[in-house]
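Got chain D; can you put chain A on it based on the hints?
Now for the letters of each chain:
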Amino acid sequence: MIRFSNASVTYPNGVSAMKDLDLEIADGEFVVIVGLSGAGKSTLIRAVNGLVPLTSGELNVNGHDVHALNRAGLRDLRSDIGMIFQGFNLVDRTTVLKNVLMGRLHEVPTWRTLIGKYPQADIDIAARALARVEIIEKTYTRASDLSGGQRQRVGIARALAQDPSIILADEPVASLDPPTSHVVMRYLQQICRELGITTIVNLHFLDLATTYADRIIGLRDGVLVFDGPGSECDDTVFESIYGRSLTADDTMTKHGAL
Amino acid sequence: MTTLDDAPPPVLPAKPGVSTFAVGGALIAAALTIVTARSVGFSLSEIITNFTRKNSPAEGLLHPDWGQIWSRRSRTAFIETLQLAVIGTAIGATSALPLALWSTTFGNPNRWLRMLVRSCNNVIRSIPDLLWALLFVTAVGIGALSGLLALFFFSLAVTTKLTSDTLDGIDMGPIEAANASGASLTQMLRTAVVPQILPSYTSFVLYNFELNLRASAVLGLVGAGGIGQRIEFFRGAGRWEELWGLVFMFFLVVFIVERISVTLRRRLI
Chain D
1 MIRFSNASVT
11 YPNGVSAMKD
21 LDLEIADGEF
31 VVIVGLSGAG
41 KSTLIRAVNG
51 LVPLTSGELN
61 VNGHDVHALN
71 RAGLRDLRSD
81 IGMIFQGFNL
91 VDRTTVLKNV
101 LMGRLHEVPT
111 WRTLIGKYPQ
121 ADIDIAARAL
131 ARVEIIEKTY
141 TRASDLSGGQ
151 RQRVGIARAL
161 AQDPSIILAD
171 EPVASLDPPT
181 SHVVMRYLQQ
191 ICRELGITTI
201 VNLHFLDLAT
211 TYADRIIGLR
221 DGVLVFDGPG
231 SECDDTVFES
241 IYGRSLTADD
251 TMTKHGAL
Chain A
1 MTTLDDAPPP
11 VLPAKPGVST
21 FAVGGALIAA
31 ALTIVTARSV
41 GFSLSEIITN
51 FTRKNSPAEG
61 LLHPDWGQIW
71 SRRSRTAFIE
81 TLQLAVIGTA
91 IGATSALPLA
101 LWSTTFGNPN
111 RWLRMLVRSC
121 NNVIRSIPDL
131 LWALLFVTAV
141 GIGALSGLLA
151 LFFFSLAVTT
161 KLTSDTLDGI
171 DMGPIEAANA
181 SGASLTQMLR
191 TAVVPQILPS
201 YTSFVLYNFE
211 LNLRASAVLG
221 LVGAGGIGQR
231 IEFFRGAGRW
241 EELWGLVFMF
251 FLVVFIVERI
261 SVTLRRRLI
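Which chain is which? The protein sequence lines are D and A, in order.
The first sequence begins at 1 in the working numbering and counts up one residue at a time.
The second sequence begins at 1 in the working numbering and counts up one residue at a time.
Heads up, a few of these hints could be off.
As the list claims (entries may be wrong) - Restraint ranges, calculated between C-beta atoms of paired labels, are given here:
#1 172/A / 227/D: 28 to 38 angstroms
#2 223/D / 172/A: 23 to 33 angstroms
#3 123/A / 115/D: 29 to 39 angstroms
Said to hold, decoys possible - A few chain A residues that face chain D, going by a derived Cβ cut-off under 10 angstroms, partial list only:
#4 169
#5 171
#6 172
#7 174
#8 180
#9 181
#10 188
#11 192
#12 195
Unchecked claim - If you want a taste of the chain D side facing chain A, the calculated C-beta under 7 angstroms gives, among others:
#13 89
#14 102
#15 149
The hints are simulated quantities; they were obtained by calculation from the structure and are not laboratory data.
Remember, predicted model here, so these are calculated numbers, not experimental data.
The beta carbon of each residue, even a glycine, is placed where N, CA and C say it ideally should be.
Just chain D, same shape as in the assembly (with noise of 0.2 angstroms):
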């Protein structure tokens, strides 16, 4: 479970990015983050591994306070939440199967880092991982060599292979197209239901939202606009949310047809 009391996030430029924000996510639920660019969606997903610190207020995650955690425990709990990025943050020199290996290292030993040979058993979860998102006969090819939506699965294997409880996506589908963006979106929503995976992902596209999404919960300048299940979410919802009326680039399909 993971669980904001009066959470804020001021970053050392002045921008503030959260504030007091009072929030619950159950263990297994799929949550959607909608909001304008800067409302603060981005912050928000890596408070919860702690990638940017809160700078008041309280963040629990599966019963640890993030704040209170030392080094090895921010560790130990990142290897538990799988993320996902806008840019897919691969090693495009690597082959996908050392991708998705990075999702083992927590448990494996650094000195078979090192030296690049990894116990059978974490290969044989990366393997799974791949045939999760059947990509697995990618798994010799270089990163570089992959499409957009290939790669986006291969960053979806990664944070499969650390077998977390959680996982995080940040604006997954912002680099892809609208076929690829639906069958990424299939794939989270999938693990998702079948594996019982806390789901938190980031979206700009309203109708993607609203498709995918159990629980949508809007963002405006950092403050907690709107918190209900997809199906209460139109598009008056979405004005209060974004602040303005809609416009085609908001949603993906009249986006795409353009």
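The following block gives chain A in isolation, referenced to the frame of chain D:
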């Protein structure tokens, strides 16, 4: 429809004047050149008279002793030079990788430790190869060991510098991914950073080997072993024919090694 040509040309903003900084810099550079040339007593005519004057080193250049190329002692000296270059590069460049990684913000989160590593790198870099050789000849005596130590520090300096510059330009995304997965610092560097710089790093190591081979000729002049020591021996004895033969052979070896290295490096990047 108006084309681009039909439209009246827009008025361009005022052209910026020549910067006083550039003019001042050029004047200072010219003045410095003249002042230094005068103070070291530079004279073109003297160079020409010195060249045309009959002298034995230049005479020797016309009749190099090719026999030197095959002589046993020269061969031994050459092998020592190659060994020095290989071992110096191997140890020096290997130690350079962690030093370069620890001098970056992502590779060394501790500010004071990072400053320490950086200042160490700077000090090592500011000392030229010949000075290292002199230092070690004084410290551990004449011979190949001082040459090896000099080349070690020289390799360390060169490879650390080049690798650090490459590290500035890497993709930070994989680093974030590794950190988010709970990897330790060493694991992150090994899996997210090293694969990105490996081709450039390998190329730097090869380049460093070329530099070391050339440097080893000079190191011998101060008694740090290798072919340079034999060159210095012939020079001291005034045996110019033999000296030139040796120099030609050295030139040949360096040329061949460089060709191989350049070909290899081209395939890497």
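Status of each hint after checking the structure:
no.: 1; hint: 172/A / 227/D: 28 to 38 angstroms; verdict: holds, 33 angstroms
no.: 2; hint: 223/D / 172/A: 23 to 33 angstroms; verdict: holds, 29 angstroms
no.: 3; hint: 123/A / 115/D: 29 to 39 angstroms; verdict: holds, 32 angstroms
no.: 4; hint: 169; verdict: violated, 14 angstroms
no.: 5; hint: 171; verdict: holds, 7 angstroms
no.: 6; hint: 172; verdict: holds, 9 angstroms
no.: 7; hint: 174; verdict: holds, 5 angstroms
no.: 8; hint: 180; verdict: holds, 4 angstroms
no.: 9; hint: 181; verdict: holds, 5 angstroms
no.: 10; hint: 188; verdict: holds, 8 angstroms
no.: 11; hint: 192; verdict: holds, 6 angstroms
no.: 12; hint: 195; verdict: holds, 5 angstroms
no.: 13; hint: 89; verdict: holds, 3 angstroms
no.: 14; hint: 102; verdict: holds, 5 angstroms
no.: 15; hint: 149; verdict: violated, 17 angstroms
Violated hints for the displayed structure, listed by number in ascending order: 4 and 15.
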